[in-house]
Amino acid sequence: MLMNDVITGVDLLATAVFAISGALAAAQGRHDVLGFILFGTITGIGGGTLRDLLLGVDSIFWFTRTEYLWICMGASVATWFLAPLFDSISKVLLWADAVGLALFSVLGAVKAVQFGAPPIVAVGMGVMTATFGSMIRDTLLNKEPVLLGPEIYVTAAVLGAAAYTLLHSYTDWALPIAIALAFTLRACAIVFDLRLPKYGKPADE
Amino acid sequence: MLMNDVITGVDLLATAVFAISGALAAAQGRHDVLGFILFGTITGIGGGTLRDLLLGVDSIFWFTRTEYLWICMGASVATWFLAPLFDSISKVLLWADAVGLALFSVLGAVKAVQFGAPPIVAVGMGVMTATFGSMIRDTLLNKEPVLLGPEIYVTAAVLGAAAYTLLHSYTDWALPIAIALAFTLRACAIVFDLRLPKYGKPADE
Amino acid sequence: MLMNDVITGVDLLATAVFAISGALAAAQGRHDVLGFILFGTITGIGGGTLRDLLLGVDSIFWFTRTEYLWICMGASVATWFLAPLFDSISKVLLWADAVGLALFSVLGAVKAVQFGAPPIVAVGMGVMTATFGSMIRDTLLNKEPVLLGPEIYVTAAVLGAAAYTLLHSYTDWALPIAIALAFTLRACAIVFDLRLPKYGKPADE
Chain A
1 MLMNDVITGV DLLATAVFAI SGALAAAQGR HDVLGFILFG TITGIGGGTL RDLLLGVDSI
61 FWFTRTEYLW ICMGASVATW FLAPLFDSIS KVLLWADAVG LALFSVLGAV KAVQFGAPPI
121 VAVGMGVMTA TFGSMIRDTL LNKEPVLLGP EIYVTAAVLG AAAYTLLHSY TDWALPIAIA
181 LAFTLRACAI VFDLRLPKYG KPADE
Chain B
1 MLMNDVITGV DLLATAVFAI SGALAAAQGR HDVLGFILFG TITGIGGGTL RDLLLGVDSI
61 FWFTRTEYLW ICMGASVATW FLAPLFDSIS KVLLWADAVG LALFSVLGAV KAVQFGAPPI
121 VAVGMGVMTA TFGSMIRDTL LNKEPVLLGP EIYVTAAVLG AAAYTLLHSY TDWALPIAIA
181 LAFTLRACAI VFDLRLPKYG KPADE
Chain C
1 MLMNDVITGV DLLATAVFAI SGALAAAQGR HDVLGFILFG TITGIGGGTL RDLLLGVDSI
61 FWFTRTEYLW ICMGASVATW FLAPLFDSIS KVLLWADAVG LALFSVLGAV KAVQFGAPPI
121 VAVGMGVMTA TFGSMIRDTL LNKEPVLLGP EIYVTAAVLG AAAYTLLHSY TDWALPIAIA
181 LAFTLRACAI VFDLRLPKYG KPADE
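From first to last, the protein sequence lines stand for chains A, B and C. Residue numbers for the first sequence follow the UniProt record's numbering, so the first one is 1 and each next one is one higher. Residue numbers for the second sequence follow the UniProt record's numbering, so the first one is 1 and each next one is one higher. Residue numbers for the third sequence follow the UniProt record's numbering, so the first one is 1 and each next one is one higher.
The following block holds chain A by itself, in its conformation from the complex (with noise of 0.2 Å):
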């Protein structure tokens, strides 16, 4: 139970933080304060929406859950007044994007492992539900997608939903530290400019 509330809380958490990202990226790209709502809200639940849909679950989660729905624009409309008061508003997505990346990436193999899937797909659905919202907004605004740019991206959401995947049955402390793993592998990786080798010999470019 009270392990239900703590992931219901960082479930919120994830989105809120994820619909920001997509806010600020309507900010970008000069919206207005519908796109924020439409890209906020897109990009907070698109995710768990599509890990839903895969999963076969009854209901969408936010068919009765609606405060996922007011979450999303209450942080995109907050985004509209505040992003203003941000020097770099490319940072401040960039690092809120990577908070998300952890918090999703861990929370959609939690709910695939309570929905009884194999591990690989516990793994799958963890990286779909970090990714698939970035995705839909890079795609939609035409920007060249996170997912695919050269940093170590989709590798830290797959070390997120595998640690959780793996540790979960071992240890009660198997969400934090997926969670951490996770974080501080994309952190490095935006810090350190960390990436894994491209394909084709340097020679061929």
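No wet-lab data here; the hints were simulated from the structure. Hints may contain errors.
Taking lysine-lysine and the DSSO-like style, the derived pairs with C-alpha atoms no more than 30 Å apart in a straight line are [claimed, not checked]:
#	chain 1	residue 1	chain 2	residue 2
1	B	Lys91	A	Lys91
2	B	Lys91	C	Lys91
3	C	Lys198	A	Lys198
4	A	Lys143	B	Lys91
5	A	Lys143	A	Lys198
Short, incomplete list of chain C residues facing chain B, as computed with Cβ under 10 Å [as the list claims (entries may be wrong)]:
#	residue
6	Leu55
7	Pro118
8	Gly124
9	Leu141
10	His168
11	Val191
12	Asp193
13	Arg195
14	Leu196
15	Pro197
16	Lys198
Beta carbons are placed, not taken as given, at the ideal position from N, Cα and C, and that holds for glycine.
With chain A fixed as given, assemble chains B and C onto it according to the hints.
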């Protein structure tokens, strides 16, 4: 019963209108007749399909009622032959899209309300039904999504869906009133070039 | 029983072929090994996943049968190592895509027919199964979707799906005949550059 017949009739009309708008977009891209059918069908049933998936209905509407598919195909093929008669395809496309937007935003809310969705979800479903088909159409054709254009577009869908959701328990005229409101707002936006204020001060630009 | 084994075998083969085509597209974009896996998996299971969602099956096919996911990952990683051996990646990609197109268009119709879908829906499901994976692949990579290319592509998928849907109650050979028809048409389109007539008179251009 009668009400349901009216709703079905309006729904088929909106499907045909959106299919035409999809086929006209294919005409702008100079695609072949199969491209017309493809874009006509995606635009015509895309929004309702996503709505049904998210509502978790037992069976997507066009699975049993294949007349929706035939109407999309028929309207697309008809557009192939008739489009050359129009001087300005983009103008016809704009207005076909406006009619479809008004009809579908309200009908999406109608179906969600019938399904027992909370008001905020019903409004969201209306907006989604009205915009998702065009969104795929524009993304696939690499056009600037009309959804993100400067004029009031999503706002009109929100107005139509919200008006029906609020009024349907008070009056039998909720359906035509909501459609008229959504269409009037969208029409004014097109004619008078109405916009919501954009993010960012003019001085920034 | 035997028939189902054949279908499963062909399905796994088509999945591997499409996963390779996805990984080759990642190679053209010079992505890292995780990008290969991501695009390989999306392309390999994307079409079947949409088909299952729209059919409303109880459980998406790869939820219980995780071998589909492993095959996508294996084929993608293998492509990472083997792609440098090919002189012309784009040519291999083109033909891998043609094989996958023929197999999936027919198999999508097979599954829909087994599920009791009306003929027009079965054809639509076949086309979707065959094209949706490549469509996401190309959209994400910002490539002109092969789907919208001038050559006959969707037409081949329609032919394969329609042939199976029409023939399956008359002959046990519907599966291989339909696959052969779809592949032959697509192969002819590639070799002889077959096209459907485009919209608009030449004089317009």
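Here is what the structure says about each hint:
A C-alpha spacing of about 41 Å is found between lysine 91 (chain B) and lysine 91 (chain A), which places the hinted pair above 30 Å, so the restraint is violated. Simply put, lysine 91 (chain B) and lysine 91 (chain C) have alpha-carbon atoms about 41 Å apart, too far for the 30 Å limit, and the pair is violated. Between lysine 198 (chain C) and lysine 198 (chain A) the CA atoms are separated by roughly 39 Å; this puts the pair beyond 30 Å, and the hint is violated. Of the supplied pair hints, the one linking lysine 143 (chain A) and lysine 91 (chain B) holds, its CA atoms being roughly 28 Å apart against a limit of 30 Å.
The straight-line distance between the Cα atoms of lysine 143 (chain A) and lysine 198 (chain A) is roughly 21 Å, inside the 30 Å bound, and the hint therefore holds. Taking 10 Å as the C-beta contact cut-off toward chain B, the hint placing leucine 55 (chain C) at the interface holds, the least distance being around 8 Å. Proximity of proline 118 (chain C) to chain B holds as hinted, the smallest CB-CB distance being about 5 Å (cut-off 10 Å). Taken as an interface hint, glycine 124 (chain C) checks out: its beta carbon lies about 7 Å from the nearest beta carbon of chain B, inside 10 Å.
Interface restraint check for leucine 141 (chain C): the shortest CB-CB distance to chain B comes to about 13 Å, outside 10 Å, so the restraint is violated. At about 18 Å, the closest approach between the beta carbon of histidine 168 (chain C) and any beta carbon in chain B exceeds 10 Å, and the interface hint on this residue is violated. For valine 191 (chain C), the suggested interface contact is broken, since its CB lies about 19 Å from the closest CB of chain B, more than 10 Å. Checking aspartate 193 (chain C) against chain B: minimum C-beta separation of about 14 Å lies over 10 Å; hint violated.
Taking 10 Å as the C-beta contact cut-off toward chain B, the hint placing arginine 195 (chain C) at the interface holds, the least distance being around 7 Å. Hint status for leucine 196 (chain C): holds, given a least beta-carbon distance of 4 Å to chain B, under 10 Å. The interface hint given for proline 197 (chain C) is met, as the beta carbon of that residue sits about 6 Å from the closest beta carbon of chain B, less than 10 Å. Proximity of lysine 198 (chain C) to chain B holds as hinted, the smallest CB-CB distance being about 5 Å (cut-off 10 Å).
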